[in-house]
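Residue numbers (the numbering used here), protein chains in the order written: chain A, 1 to 79; chain B, 1 to 79; chain C, 1 to 79; chain D, 1 to 79; chain E, 1 to 79; chain F, 1 to 79.
In short, the hints are calculated from the structure, not lab data. Incorrect hints may have been included.
Here are some, though not all, of the chain C residues that point toward chain A, as calculated from beta-carbon distances under 10 Å [claimed, not checked]:
(1) Gly39
(2) Asp40
(3) Ser41
(4) Ile45
(5) Asp50
(6) Leu51
(7) Tyr53
(8) Gly59
(9) Pro63
(10) Leu66
(11) Ile67
(12) Glu70
(13) Val72
(14) Leu78
(15) Leu79
Just so you know, these numbers come straight off a predicted model, no measurement behind them. Heads up, the beta-carbon is just placed ideally off N, CA and C, and yes, glycines get one too.
Protein chains: 6
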Amino acid sequence: MNSSFDRRAPTLDTTQPGIRHIQDLIRHTTPVRLLLSTGDSLEGILRWQDLRYLALCPGEDQPLTLINREAVVLIRSLL
Amino acid sequence: MNSSFDRRAPTLDTTQPGIRHIQDLIRHTTPVRLLLSTGDSLEGILRWQDLRYLALCPGEDQPLTLINREAVVLIRSLL
Amino acid sequence: MNSSFDRRAPTLDTTQPGIRHIQDLIRHTTPVRLLLSTGDSLEGILRWQDLRYLALCPGEDQPLTLINREAVVLIRSLL
Amino acid sequence: MNSSFDRRAPTLDTTQPGIRHIQDLIRHTTPVRLLLSTGDSLEGILRWQDLRYLALCPGEDQPLTLINREAVVLIRSLL
Amino acid sequence: MNSSFDRRAPTLDTTQPGIRHIQDLIRHTTPVRLLLSTGDSLEGILRWQDLRYLALCPGEDQPLTLINREAVVLIRSLL
Amino acid sequence: MNSSFDRRAPTLDTTQPGIRHIQDLIRHTTPVRLLLSTGDSLEGILRWQDLRYLALCPGEDQPLTLINREAVVLIRSLL
Chain A
1 MNSSFDRRAP TLDTTQPGIR HIQDLIRHTT PVRLLLSTGD SLEGILRWQD
51 LRYLALCPGE DQPLTLINRE AVVLIRSLL
Chain B
1 MNSSFDRRAP TLDTTQPGIR HIQDLIRHTT PVRLLLSTGD SLEGILRWQD
51 LRYLALCPGE DQPLTLINRE AVVLIRSLL
Chain C
1 MNSSFDRRAP TLDTTQPGIR HIQDLIRHTT PVRLLLSTGD SLEGILRWQD
51 LRYLALCPGE DQPLTLINRE AVVLIRSLL
Chain D
1 MNSSFDRRAP TLDTTQPGIR HIQDLIRHTT PVRLLLSTGD SLEGILRWQD
51 LRYLALCPGE DQPLTLINRE AVVLIRSLL
Chain E
1 MNSSFDRRAP TLDTTQPGIR HIQDLIRHTT PVRLLLSTGD SLEGILRWQD
51 LRYLALCPGE DQPLTLINRE AVVLIRSLL
Chain F
1 MNSSFDRRAP TLDTTQPGIR HIQDLIRHTT PVRLLLSTGD SLEGILRWQD
51 LRYLALCPGE DQPLTLINRE AVVLIRSLL
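Assemble the whole structure, with the sequences as input and the hints as a guide.
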């Protein structure tokens, strides 16, 4: 039992301010700009986050872009 | 016994939305574009994922491309 | 009980000099310059840190910029 | 005893499809092209893999090139 | 009790030769050059190290530069 | 007791072929070329390795260069 617990991936720690800050951006559908490790920038609205990914909606009726969290250098509100 | 469990690599956590999103792209053979850490883009259809790699089929009758998950900056559906 | 503890993310280790140095920059609202992994530089005042992120205020009345700690190459006081 | 086990590095998890795919390339001495994180490409035949490295033979009578797995962005069969 | 230990960050392992080499550079106030992951070089005298950071004094009466260890590609004595 | 063991950094796993390959290069003082994550190349003779660093002697009477293992993309014998 214990070992199966240990092998499950940890969940997102929502007590961390950074995780909560992103949750707020998601809840308020705040337009954001992301700077990526490649130097590219992306704009859109964050839909959800999990341990490894952010999901960004780049515009209406467009499919989600799945973004590797570790490749996100910074997140800035556009408001 | 316990230590042998601990040493086994964890399996992919399919309760995470990002992992499930990729599973959906695989099941529906959705054409995708990947942005890589080198700045290169790749297009094709994802065939499977595991803890470390994504397998992409770049076109019919072409061999799989094995892609390091950590080098994938973002994944976008082309539909 | 034990396993639920194990799965919680560790907290920031404030006994580490580097973490304390950043806490001092935050407390004294010292203007800093950050060099990022993309080669970009950012200036502002650090507001808080957690395990994964630094929050930088780039100027008065501007929203916080959330910065991935691992993408921060160096931090320098501007005083 | 338990702690000495815990400190040993984990072995390569050969139940993972990506690891097995690489094992197949090794067994069949399939010529491959690797894209590296620097943007460089390498061609040759993979000889073995371990947790941290791939060993590539770039040509007959040439010494092995030891490649950091984490610096390998993708692997493609040349057949 | 045990779990609180487990959650504390590990301390710097001063039995490792690399860590000791850096400690020697610090003790002898040896001028060094660092190559960073961005390709930038920095010169100065190392003041301390911890798990995540190196502290570099770039010159007399200048504030410390806090450098992410993982962004340091190499360290070279200038003597 | 157990927790103090757990907190000690693991030692280099010399049963791994990659680690042993590097040990051989060290023992035979084989001249090598390293490709770094910045795209720079370094030549010299490896003196030792530990968990985090390789020590390279770039030439006679020159001080050791300490190289972050994770920043080493590949290692090639020059013989």
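Hints, one by one, checked against the model:
no.	hint	in the structure
1	Gly39	holds, 8 Å
2	Asp40	holds, 7 Å
3	Ser41	violated, 12 Å
4	Ile45	violated, 15 Å
5	Asp50	holds, 5 Å
6	Leu51	holds, 6 Å
7	Tyr53	holds, 3 Å
8	Gly59	violated, 12 Å
9	Pro63	holds, 4 Å
10	Leu66	holds, 4 Å
11	Ile67	holds, 5 Å
12	Glu70	holds, 7 Å
13	Val72	holds, 9 Å
14	Leu78	violated, 19 Å
15	Leu79	violated, 23 Å
Hint violations for this structure: numbers 3, 4, 8, 14 and 15, all remaining hints satisfied.
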